[in-house]
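Q: Protein chains in written order, with numbering that gives the first Met the number 0: chain U, 0 to 67; chain Z, 0 to 67; chain F, 0 to 67; chain E, 0 to 67; chain L, 0 to 67; chain C, 0 to 67.
Derived by calculation from the structure, the hints in this document are not laboratory data. These numbers were taken from a predicted model, which means no experiment stands behind them. Among these hints, one or two may not hold up.
No copy labels: a pair is met if it fits in one copy or bridges any two.
[Said to hold, decoys possible] Below 25 Å or equal to it, Euclidean Cα-Cα: the simulated DMTMM-like pairs (lysine to aspartate or glutamate) are:
no., residue 1, residue 2
1, 19, 9
2, 64, 9
3, 22, 59
4, 19, 35
6 protein chains.
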Amino acid sequence: MPYVNIKVTDEGVTREQKAKLIKGVTDLLVDVLNKDPKTTHIVIDEVPLENWGFDAIPTDVHRAKQSA
Amino acid sequence: MPYVNIKVTDEGVTREQKAKLIKGVTDLLVDVLNKDPKTTHIVIDEVPLENWGFDAIPTDVHRAKQSA
Amino acid sequence: MPYVNIKVTDEGVTREQKAKLIKGVTDLLVDVLNKDPKTTHIVIDEVPLENWGFDAIPTDVHRAKQSA
Amino acid sequence: MPYVNIKVTDEGVTREQKAKLIKGVTDLLVDVLNKDPKTTHIVIDEVPLENWGFDAIPTDVHRAKQSA
Amino acid sequence: MPYVNIKVTDEGVTREQKAKLIKGVTDLLVDVLNKDPKTTHIVIDEVPLENWGFDAIPTDVHRAKQSA
Amino acid sequence: MPYVNIKVTDEGVTREQKAKLIKGVTDLLVDVLNKDPKTTHIVIDEVPLENWGFDAIPTDVHRAKQSA
Chain U
0 MPYVNIKVTD EGVTREQKAK LIKGVTDLLV DVLNKDPKTT HIVIDEVPLE
50 NWGFDAIPTD VHRAKQSA
Chain Z
0 MPYVNIKVTD EGVTREQKAK LIKGVTDLLV DVLNKDPKTT HIVIDEVPLE
50 NWGFDAIPTD VHRAKQSA
Chain F
0 MPYVNIKVTD EGVTREQKAK LIKGVTDLLV DVLNKDPKTT HIVIDEVPLE
50 NWGFDAIPTD VHRAKQSA
Chain E
0 MPYVNIKVTD EGVTREQKAK LIKGVTDLLV DVLNKDPKTT HIVIDEVPLE
50 NWGFDAIPTD VHRAKQSA
Chain L
0 MPYVNIKVTD EGVTREQKAK LIKGVTDLLV DVLNKDPKTT HIVIDEVPLE
50 NWGFDAIPTD VHRAKQSA
Chain C
0 MPYVNIKVTD EGVTREQKAK LIKGVTDLLV DVLNKDPKTT HIVIDEVPLE
50 NWGFDAIPTD VHRAKQSA
């Protein structure tokens, strides 16, 4: 414990950024809930843009509109 | 809110089909629960056949039996 | 297959509304992906307001601001 | 986007602690990935001790051993 | 690693049964993948019958039909 | 019902091992909870090492330290 799942869109998250997220979330759980880093697991899922929708539209369509 | 995760087997779901699923689930949540599309997130996960099992057997084995 | 998880805030979703969500998502998966209703599973999770945050604030705090 | 799910054992996490987790994770995603807080959703699940196992044993049994 | 989530309907699973599931899944992961029990986490979620649907109908409705 | 999600690191799990996990978990749910294998679904997710962290560090970094 704890187990944290971070889902983000698959837009080139670097290894360094993933390491920062893993360290940042672990430190937060130590600070707020005094959890043991050794049993704190963090999994990052990277979701293709066409597989993530909000406001009834896939993200790749949102992105295309934004850059149109 | 809401957050909806749709897991299907990885069998060639097209972008258009994904867009229909995203729109259809969003519309349903508007109709039934009056949710705001802007804060309704939908994530589609496509799972390899050998990674999804039911009736104690992986799906790729089921498929092979069906087409035998 | 498929498996769909719907997470909504715990704000009094009725049995009838849950039944409509279950039927609506199942019908959508039949229409779009020709999935078999018999192997289509839908799970609805109802999350306490203080356990769901967006824009850096728990939903119960958002609700209190809205009704202030 | 993003969507973050934090699972912890159900051991009296207070509203203030939940608010700190929500703010802390949101700030981290802004700092590391420049994500928009408005579309960043965080859901905290609190799991009964007997429902969470590690090292082949439920957590309530671990706790009992620790305090024995 | 690994992390295993078991979702079942909320139909009176006992502590002993939960302990058996936790031990059984952990042993299986040792046998098949040689995983370390100490870092193997198992979470059991118990879902209300009206919140779990299959074949387009909530489970409590299925149960009522079966016992009619 | 039930639905089981097994998350492991992406380190070359073979088809045979996946089939053993699927069968083993299904048999366990039959033995302990008398569940119907036909409606028992199991999904295996394989997570890249840099996407899974514990003890505040990504697994690929842990592995590198172990083999240093």
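Q: Please go over all the hints and tell whether each is borne out by the structure.
A: Taking the hints in turn, this is what the structure says about them:
1. With identical chains, the CA atoms of residue 19 and residue 9 are at most 25 Å apart both within one copy (17 Å) and between copies (21 Å).
2. For a Cα distance limit of 25 Å, the shortest separation of residue 64 from residue 9 inside one copy, 18 Å, qualifies, whereas the shortest one across copies, 28 Å, does not.
3. Proximity of residue 22 to residue 59 under the C-alpha cut-off of 25 Å is restricted to the inter-copy arrangement: shortest distance 14 Å between copies versus 29 Å within a copy.
4. In the homo-oligomer, the alpha carbons of residue 19 and residue 35 lie at most 25 Å apart both inside one protomer (18 Å) and across protomers (18 Å), since each shortest distance falls under that limit.
When each numbered hint is compared with the structure, no violation occurs for any of them.
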